[in-house]
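*Asks:* This is what each chain is made of:
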Amino acid sequence: MIVRPLLAAGALLLCAHWGLEGCHRGRKSDATQGATPDSLIGVVSVTGTSFEKRLTLRTGDGARTGSAKLTLTLSATPADSSAISRLGGAEIVVRGSRNGTRFRVANFAVLRVDGAPVTDGVVLRDGARLALQGSKGRVDLGNPPAALRAMVGARVWVGGPLDTGPNTYGVIVPSP
Amino acid sequence: MRRPPRNRTYSCSGSATTPLIAFALLACGGGGDVTPPRLTPPQACTGGLQLSLGELHPLNAAERASLCVGAPSGAAAEYVLIPFGNSTVAATMVPVTIKGTKTEAPVAPLTAPLASSPAVDNSGSQFQPLAQGGLSIEDAFRRRERLEVPFTSLRGRRARAAAPQSRLSGIPATPIVGSIVQLNTNLDQNLCTAAKTPRGARVVAVLPRTLVFVDTLSPAGGYSDAELAAFGQAFDTLGYGVDTLNFGAPSDVDGNGRVAIFFTPSVNAIPGPPGGFVGGLQTARDLFPVANCVASNEGEIFYLPTPDPDKTINGNYPSKANLARGVLSTLVHEFQHLINAGRRIYVNNASAYEEVWLNEGLSHIAEELLYYRVSGNRPKMNIDLPLARSSQAQLDAINAYQIQNLGRLSLYMAAPETHSPYAQNDDLETRGATWQLLRYAADRKGGEERNTWFALVNSTTVGQANFNAVFGNIIGMTRDWAVAQIADDAGLPVAAIYMHPSWNFRSLLPALNSGKFPLLTRPLASGTPVEITLRGGGAGYVRFRVPAGVAASVESLSSGQPVPASVDLMLLRTQ
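Protein sequence lines, in the order shown, are assigned to chains G and Z.
Residues 1 to 176, numbered by the numbering used here, are exactly what the first sequence covers, in order.
Residues 1 to 575, numbered by the numbering used here, are exactly what the second sequence covers, in order.
Be careful, since some hints might not be right.
Partial list, derived from the structure: chain Z residues whose beta carbon lies under 7 Å from chain G [said to hold, decoys possible]: (1) Val89; (2) Thr92; (3) Met93; (4) Pro95; (5) Pro172; (6) Leu281; (7) Thr283; (8) Asn349; (9) Ser351; (10) Ala352; (11) Tyr353; (12) Glu360; (13) Gln424.
FYI, nobody ran anything at the bench for these hints, they're computed from the structure.
C-beta atoms are modelled at their ideal positions from N, C-alpha and C, and glycine is treated no differently.
Start from the sequences and build out the full structure, keeping to the hints where you can.
*Replies:* Put into structure tokens, the structure is as follows:
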């Protein structure tokens with residue numbers, strides 16, 4: 001069993017405050033040093049068995065339906081692996097380095113759920129209001145699900161109109 | 001990995017009833033500091049929608065916001081409102097608030113059939129509730145992160161597979177009983193590149209379809225050679241046939257025409273919390289040649305733990321009898337995984353392994369199929385508690401091969417709002433739900449059942465696409481299945497698509513749950529809103545009563561707004 005090192009958790013915590021993009025750039029060196037940066041969009045799939053799970057990304061035609069011709073095996077830090085494993089069925093963009101059918105993930109973002117765009121970010125509290133801090137800046141949540149109030153610091157994706165709600169959401173990284 | 005068996009002892013006179021795990025459902029924290037936009041107040045509710053008993057009514061756009069539902073004069077009516085999360089992404093969460101006006105809490109107990117039929121007598125149950133210790137080990141174990149040889153790097157492997165190697169890592173195809181061979185026992189780091197930990201494996205039995213090995217370093221007090229050979233014989237004559245009939249023949253990368261069962265304490269050594277244990281496992285690494293995967297044992301092989309009565313490794317395997325009871329069901333479970341992976345790699349040329357939720361669900365189907373074979377029962381018999389208790393043989397069969405499916409289903413039913421049959425995880429609740437959804441879908445599909453299972457295992461697609469191709473759209477199927485959870489065997493004249501024809505869960509599950517049918521329902525009393533967080537594929541069950549001659553209103557909201565399209569709302573009259 002792989003025990004996640006405390007260092008990884010710490011890095012993730014910093015990530016929440018620095019914004020996702022910057023954090024990921026900082027982490028990129030260990031995973032992709034010397035490799036050509038690459039970017040792919042696809043749907044996350046967790047395959048295998050309980051004993052041997054694999055993170056894969058279905059890309060191209062049929063990605064959403066599970067009949068994609070190209071399936072890549074993803075590898076990432078333990079923390080990012082855990083995060084991506086919570087995104088089964090969601091469409092994400094991964095950045096990192098590709099080697100054949102393997103893809104080493106340096107960073108990722110959730111793009112769409114059920115074909116509809118969503119916003120990926122860390123839940124921030126600003127007085128009485130909540131906001132999402134994402135790679136492109138901060139977005140206020142006008143009428144968020146009540147459950148998000150207990151998730152400050154968590155990385156989530158949120159769907160639906162952000163200004164008025166109602167919103168769907170999913171947890172990517174739980175609150176520290 | 002095979003679900004760990006739980007400690008259990010059953011007899012026709014036993015009736016242990018330890019409560020199941022208590023589930024604490026957290027209410028949504030109230031926001032309050034942001035005022036949601038106000039909606040137009042619902043119009044006065046008079047008369048109202050009236051359904052016949054057992055009628056299911058999907059709410060239209062107007063009814064989703066405000067439903068006016070009535071009861072005939074002279075008789076109260078009871079309903080269940082079923083919000084269903086229709087997202088294909090099971091991780092999708094959506095808050096739903098249900099408010100009732102003039103509604104009352106229902107009076108019909110859920111344990112009894114809802115439509116005033118006599119209650120099922122669950123006294124004197126022989127089923128023993130599940131032990132929590134057995135539930136938790138996998139929760140920790142599954143957090144392993146694996147990076148195996150990429151699936152597609154074995155493309156072109158069919159040619160290799162066609163050339164028999166006549167060996168399992170250099171072992172003769174028909175080894176001599178009593179001889180000792182070397183097998184890699186490293187299961188803690190089962191990456192293809194991980195260092196091998198070769199250990200002596202003594203050949204105990206050579207059967208037509210099965211080889212049985214035991215680790216030479218097994219703790220004292222373990223299985224005798226006769227017991228080990230009997231496990232092999234049971235698999236060879238029973239389990240092998242059940243799985244191959246339904247899922248297809250396994251690959252044969254070692255060209256020996258057999259699968260190997262290796263009893264080794266390296267399984268015992270897999271870390272886990274006290275009281276839990278790993279029933280067994282197989283690993284896809286062994287299907288690859290060492291040229292691609294140096295840690296491979298190069299053959300179809302299962303790993304099972306050995307009894308450890310003196311607790312020399314840990315305290316998880318002290319009872320040989322308890323461990324032995326789960327061996328055959330473990331083997332058919334793991335065999336499905338082995339067939340699934342092997343055929344995807346070597347026969348069907350798929351581009352990926354099956355998704356975990358469907359893979360595990362199919363292995364739980366394998367256990368159920370073994371139950372049918374041993375008990376002599378068949379699907380669509382609506383197996384109930386009296387049948388399960390009708391003879392010692394019936395009781396032994398359900399206790400040995402099916403009770404874990406029922407136990408996991410019970411866990412799911414305790415939290416159906418926040419669990420989904422197609423969640424991309426292997427939570428026990430997910431496994432219970434997936435097994436039941438597959439059973440429901442196969443019953444509904446009809447025809448020769450083995451063709452259904454064969455189609456699922458021999459697909460080149462994965463997950464929902466695979467399911468959809470065999471059964472039709474998974475969302476619609478899951479929505480109907482969610483209705484069946486409360487409508488089946490409830491004494492209601494419901495359509496066949498809202499029934500579980502193979503199992504009478506309302507009869508059986510109370511025997512595992514302290515006499516209660518475990519489905520979580522929420523009463524809707526006037527002025528007391530019900531707060532639900534729904535997952536994609538999850539369903540809530542909000543029950544209420546409308547007094548005779550009264551029209552009640554029911555509002556459904558999400559964060560104060562109309563419920564989004566990712567939630568379906570259905571109304572079922574239950575009394």
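*Asks:* If a hint holds in the structure, say so; if it does not, say that too.
*Replies:* Against the structure, the hints:
no. : hint   : result
1   : Val89  : holds, 4 Å
2   : Thr92  : holds, 5 Å
3   : Met93  : holds, 5 Å
4   : Pro95  : holds, 5 Å
5   : Pro172 : violated, 28 Å
6   : Leu281 : holds, 5 Å
7   : Thr283 : holds, 6 Å
8   : Asn349 : violated, 12 Å
9   : Ser351 : holds, 5 Å
10  : Ala352 : holds, 4 Å
11  : Tyr353 : holds, 4 Å
12  : Glu360 : holds, 6 Å
13  : Gln424 : holds, 3 Å
Hints 5, 8, counting from the list given before, are not met by this structure.
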